[in-house]
Amino acid sequence: KGPFDTDTSQELFSREIQLDLRREDAPQQEVLVENILVKLIQDTNRCILMLSSEQDLFFHYTCIIDESNLPDIIQEQNIEIQLSEFGSFMVKLLNSVLRDPRAFLMILFMSEDGSSTLTITENFKNYKFLEIITLPFQISAEDVIRCDITTRYLKLKLENQELSTQYNQLQTAVKLKLPGLMMKK
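Residues in the sequence shown are numbered from 1 upward in steps of one, following the numbering used here.
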């Protein structure tokens, strides 16, 4: 279980999405495009978005949307949404980014202090960029990163055990059916 998993939490989305990574103080041309795992967890009183990378185990950002910061997001971005609808809204948006990455662009603007901003923009008819939503992210706490790395490690360990078992079963079957093929070295 992760640090945000509770009895009432539900994982709504967990997929890799191509993301533009940019430093806030860097020139606009300096863009790193990377596949980032985007997880969306909805709880009764909050919605949690997490960004992590297979390339860098310590790349881990979190955005928590709850009743305290949702009004600011609604006002700043001129959207009307309830917290209970936010998860499904984000799932639709993230699926749009997955389906058509040329029309929908996700950019993470990272700053030196650990804060970042995720912007999802629509390339409207190939000439105008419309900002759909901007969300505040923060580098995840150490315990969240540690838990995520442990979960990934255990998953890989389990996959390795399963592959090893399949290999041993295949090797045994080949020995039985074709004993001459498996000569001892």
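Keep in mind the hints are simulated off the structure, nothing from the lab.
Any given hint might turn out to be false.
[Said to hold, decoys possible] List time: in silico SDA-like cross-link candidates among lysine to any residue, alpha-carbon distance up to 25 Å:
id, residue 1, residue 2
1, LYS92, ILE79
2, LYS128, LEU94
3, LYS92, GLN82
4, LYS128, LYS155
5, LYS92, THR117
6, LYS128, ASN95
7, LYS39, GLU112
8, LYS155, GLU54
9, LYS92, PHE124
[Said to hold, decoys possible] Label-pair ranges, simulated between beta-carbon atoms:
id, residue 1, residue 2, range
10, GLU112, THR172, 50 to 58 Å
11, ASP66, ILE107, 31 to 39 Å
12, ILE74, PHE124, 18 to 26 Å
13, ILE149, ASN45, 24 to 32 Å
14, PHE58, LYS92, 26 to 34 Å
15, THR8, GLU162, 43 to 51 Å
16, GLU131, ASN45, 45 to 53 Å
17, ASN35, THR165, 26 to 34 Å
18, THR8, ILE133, 41 to 49 Å
19, GLN169, PHE129, 52 to 60 Å
Note that the Cβ used here is the ideal one computed from N, Cα and C, for glycine as well.
Each hint, compared with the structure:
Proposed proximity of LYS92 and ILE79 is supported: the alpha carbons are some 15 Å apart, at most 25 Å. A hinted pair counts as satisfied when its Cα atoms are at most 25 Å apart, and LYS128 with LEU94 qualifies at roughly 20 Å. With a CA separation close to 15 Å, the supplied pair LYS92 and GLN82 stays within the 25 Å bound. With a CA separation close to 42 Å, the supplied pair LYS128 and LYS155 exceeds the 25 Å bound.
Of the supplied pair hints, the one linking LYS92 and THR117 holds, its CA atoms being roughly 20 Å apart against a limit of 25 Å. Taken as a hint, the LYS128 and ASN95 pair is honoured in the structure, with Cα atoms around 21 Å apart against an allowance of 25 Å. As the CA atoms of LYS39 and GLU112 are separated by approximately 23 Å, the hinted pair is consistent with the 25 Å bound. Distance restraint check for LYS155 and GLU54: the Cα-Cα separation of roughly 13 Å lies within the 25 Å cut-off, and the hinted pair is therefore satisfied.
With a C-alpha separation of about 17 Å, the suggested pairing of LYS92 with PHE124 holds against the 25 Å cut-off. With their beta carbons about 56 Å apart, GLU112 and THR172 fall inside the hinted range of 50 to 58 Å. Range check, ASP66 to ILE107: about 24 Å between beta-carbon atoms, so the 31 to 39 Å window is missed. Range check, ILE74 to PHE124: Cβ separation about 22 Å, and the 18 to 26 Å hint holds.
At about 27 Å, the beta-carbon gap between ILE149 and ASN45 stays in the expected band of 24 to 32 Å. Checked against the given bound of 26 to 34 Å, the beta carbons of PHE58 and LYS92, roughly 30 Å apart, stay inside it. Here the CB-CB span from THR8 to GLU162 is close to 31 Å, at odds with the stated 43 to 51 Å. For GLU131 and ASN45, the Cβ-Cβ distance of about 27 Å falls outside the hinted range of 45 to 53 Å, so the restraint is violated.
Between ASN35 and THR165 the C-beta distance comes to about 29 Å, which sits within the given range of 26 to 34 Å. Checked against the hint of 41 to 49 Å, the pair THR8 and ILE133 fails, with Cβ atoms roughly 25 Å apart. Between GLN169 and PHE129 the C-beta distance comes to about 53 Å, which sits within the given range of 52 to 60 Å.
Consistency with the previously given hints fails for numbers 4, 11, 15, 16 and 18, ordered from lowest to highest.
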